[in-house]
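Sequences listed follow chains A and B, in order. Throughout, the working numbering is defined as the position within the first sequence, counted from one, plus 86. Throughout, the working numbering is defined as the position within the second sequence, counted from one, plus 560.
Just so you know, the hints here were simulated from the structure itself, not pulled from any lab data. Warning: the hint list may mix true and false statements.
Said to hold, decoys possible - Once the Cα atoms are required to be at most 25 Å apart in a straight line, the calculated DMTMM-like pairs of lysine to aspartate or glutamate come out as:
id, chain 1, residue 1, chain 2, residue 2
1, A, K205, B, E1002
2, B, K901, A, D289
3, B, K976, A, D239
4, B, K901, A, E154
5, B, K976, A, E154
Said to hold, decoys possible - Sample of chain B residues lacking proximity to chain A, with all beta carbon distances greater than 12 Å (derived):
id, residue
6, E609
7, T641
8, G700
9, G732
10, R749
11, K768
12, S813
13, D948
Small disclaimer: the values here were computed from a predicted structure and weren't measured. For every residue, glycine included, the Cβ atom is placed at its ideal position computed from N, Cα and C.
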Amino acid sequence: MIKGFGILEMLIALSLGLGILTVIIAHSAEAAKVGKRITGNQERLEAIFHTVDTIKSDLNKCGMRLQEARQFCSITPFASAAGSFTCGYGLADELLLENALKGQKSLRIATNGFFRKDKDILIYDVARQAWEANEIEYRLDGVLLLKNPLGSDFAANSTVVALKRVEYKYYPAQRVLKRKTDKGNFQPLLEEVSDFYVTFFPDANSVLYRIEVNKKEQVRGYVFLLNLV
Amino acid sequence: MARRGNVVLSLLFMMLLAASGLALLAHTGLHFTIVAARQQRRLEGAALEQALVLSLHRYRERLAAADMNAFPAPERDFFNTDTFPDAALGGETISQRFSRYTLRSGGDFRVIRILDLVRACRQSGSRAYIGRAGVDLYAGDIPAGEFGLLVRQKSEESAEAFLAGRGVEYSGSQLPQVGEFAVGSDYERLLRAALKLQVPDWRRIREKFGLEPLDAPIPSGIYLAGSDGEVAAVFVQGDLQKLEFGAGDGWQSIAFNQDGRRCELRYRPGLPSLSWSGSGGPAVAGSLFAEKIVIHGSVWDIEQAGAAAFLPEARIELLASGRLVVRSGLEGENMEPGMVKLPCLLLMTSERDLFSGDAVNADVVVEGAGAKTIQAQVIAAGTLVNNDGRTEITGSLFAGNIANSGRLRVGAAAGKFAFGDYVGLGDFKFLKNFRVHFIQEEGDEE
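With the rest of the complex left out, here is chain A:
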């Protein structure tokens, strides 16, 4: 009775096995390389889509809840410079529940989670065309304690808007586009950016932006600033 492989069979099997293994390993290595490249491209595309979505979302909100106040307040929801732009909007708004007098450092509004410590706010009274910007020191339910005393009187039903400001800045040396909200720090949004510019058309209330990644992919967008009309 013969058990196991013969020497010849063993040699043939080993040779074949080695050959197949070599082919598989080579193929796997190539596949891994291609896979890495595809994944890299996909991740970059995902990052670009995310960036475009974020920019569009911020621009769509630009000027939101500030349409009325803009008529008499000197606030500019959108500003741009070379390689950067800033947009602002109202995150939430509430009506003053009682009169607030000049010099007072508190406001009473309905409880709203968006009005919190260190938030910038805008208070305005349409009837008197009075307005001012202030900051929340802290909040006790519906009472906002302000950092600065009020400079004017505001009647009940004046509007208080919690403001949000978003800033985008391109860092050419680092090839990174960064985004900052309110008083936070700039956070990287998109890497490998080789060029970024923004042009504002005030007459058309629209913004044209262009992002170039790795000197290859270019994304251009033309966004109509609906809330500035």
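Start from chain A and add chain B according to the hints.
Only chain B this time, still in chain A's reference frame:
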């Protein structure tokens, strides 16, 4: 028993391959599921947003077509869920909830702001988009200056069709009024307040200007109604050939040209700073000017002198019992693109002579080709005539009719002018300032 080969090794290899294959399939499947879900979410979001925008658009159209005067208390009788019940729009459900508060009340009218919170959601699913639109309901005896765009003309068409037929453009926040409205006016009270006279007849006017007290009209000329360090108004007897507005270095200037004579008035708005080149100049020098001009006649040429016509703080009120002809743009100093152009001038005409009550032509005419921006509010007892040019009136318009052979745009920005309080509609209700405050995904505010 003969054993040839090792089946365990082969099986292990097969299992390895199978596991790798299955993992790859699962990964691919998961990836496709994630991509499909993301795409589905985007499509769903876009559909909800579109449904919300469409319902807001329809809401605005209903407001534009509705006559608030048909309701005793429109804030309750019109803005409610009976008038605007929950509705299905494709696969989305739209619901509207109203709230209101008094924005202004005083005198004989009140302004109520009505907020409509619109919610669009899928009939299956918890995702929703919300939007809020606000509109102001004016009710009571409403001064002319409060209207954004009103034309007192009988029309079978809707206001939008009437204005479109006359080539008039206006911003979407305006809900214009066109109809045969009964306008009330009280020019006598206006004259009393402007000239600070108990009875504004010729005798007392003569007394005011230091002339011989007679009942006859005063001679043609330009008179300053001043007392106690204030010039309440400039009174012009007769037509003005030219009226020029200029601004620069913090000074507002107004030059009056009548019968070949030119007199200039300069001042800093809100400050006692007046200088007057006409007769009686030293007596009023350094006075405060209340920025009111009353013309017993017409002005045949209103023009801008220099780079700007107005300082941003200027609020000049001009009333004529006759025609006003504007021959150039009238722009303020601060006209950066994107900034709201608040009116710095009121152009107002009376259809009756201020003293005799005789009918007069009270048209406000914009002459000349080319583009012109007129930073003014217009209250014309007659017709607003725009000849050929591309004209933008940044303030509101209250006119008897519109004759437009060029392009006319009304910005309808609110202006605060006291003269506008003496003309208006009694016991009237209308809507103004339709604005969409926000559209966003519910719970996605941060």
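Now for the hints, and whether the structure bears them out:
The straight-line distance between the Cα atoms of K205 of chain A and E1002 of chain B is roughly 21 Å, inside the 25 Å bound, and the hint therefore holds. Among the hinted pairs, K901 of chain B with D289 of chain A is consistent with the structure: their alpha-carbon atoms are about 13 Å apart, no more than 25 Å. Our distance criterion of 25 Å between C-alpha atoms is met by K976 of chain B and D239 of chain A, whose separation comes to about 19 Å. Pair hint K901 of chain B plus E154 of chain A holds up; C-alpha atoms about 14 Å apart against a cutoff of 25 Å.
Restraint check: the Cα-Cα separation between K976 of chain B and E154 of chain A comes to about 16 Å, which is no more than 25 Å; the hinted pair holds. Not every CB of chain A is more than 12 Å from the CB of E609 of chain B (nearest about 10 Å), against its label as outside the interface. Distance check for T641 of chain B against chain A: the nearest CB is about 22 Å away, which clears 12 Å, and the non-interface claim stands. Its beta-carbon lying about 15 Å from the closest one in chain A, G700 of chain B satisfies the requirement of being farther than 12 Å from that chain.
Consistency note on G732 of chain B: stated as away from chain A, yet its beta-carbon is not over 12 Å from all of that chain's, at 7 Å minimum. The claim that R749 of chain B is not at the interface with chain A holds, since no C-beta of that chain comes within 12 Å of its own (minimum 23 Å). Look at K768 of chain B: its CB is around 33 Å from the nearest CB on chain A, clear of 12 Å, so calling it non-interface holds up. The claim that S813 of chain B is not at the interface with chain A holds, since no C-beta of that chain comes within 12 Å of its own (minimum 25 Å).
At roughly 23 Å, the least C-beta separation between D948 of chain B and chain A is larger than 12 Å, which holds for a residue marked as non-interface.
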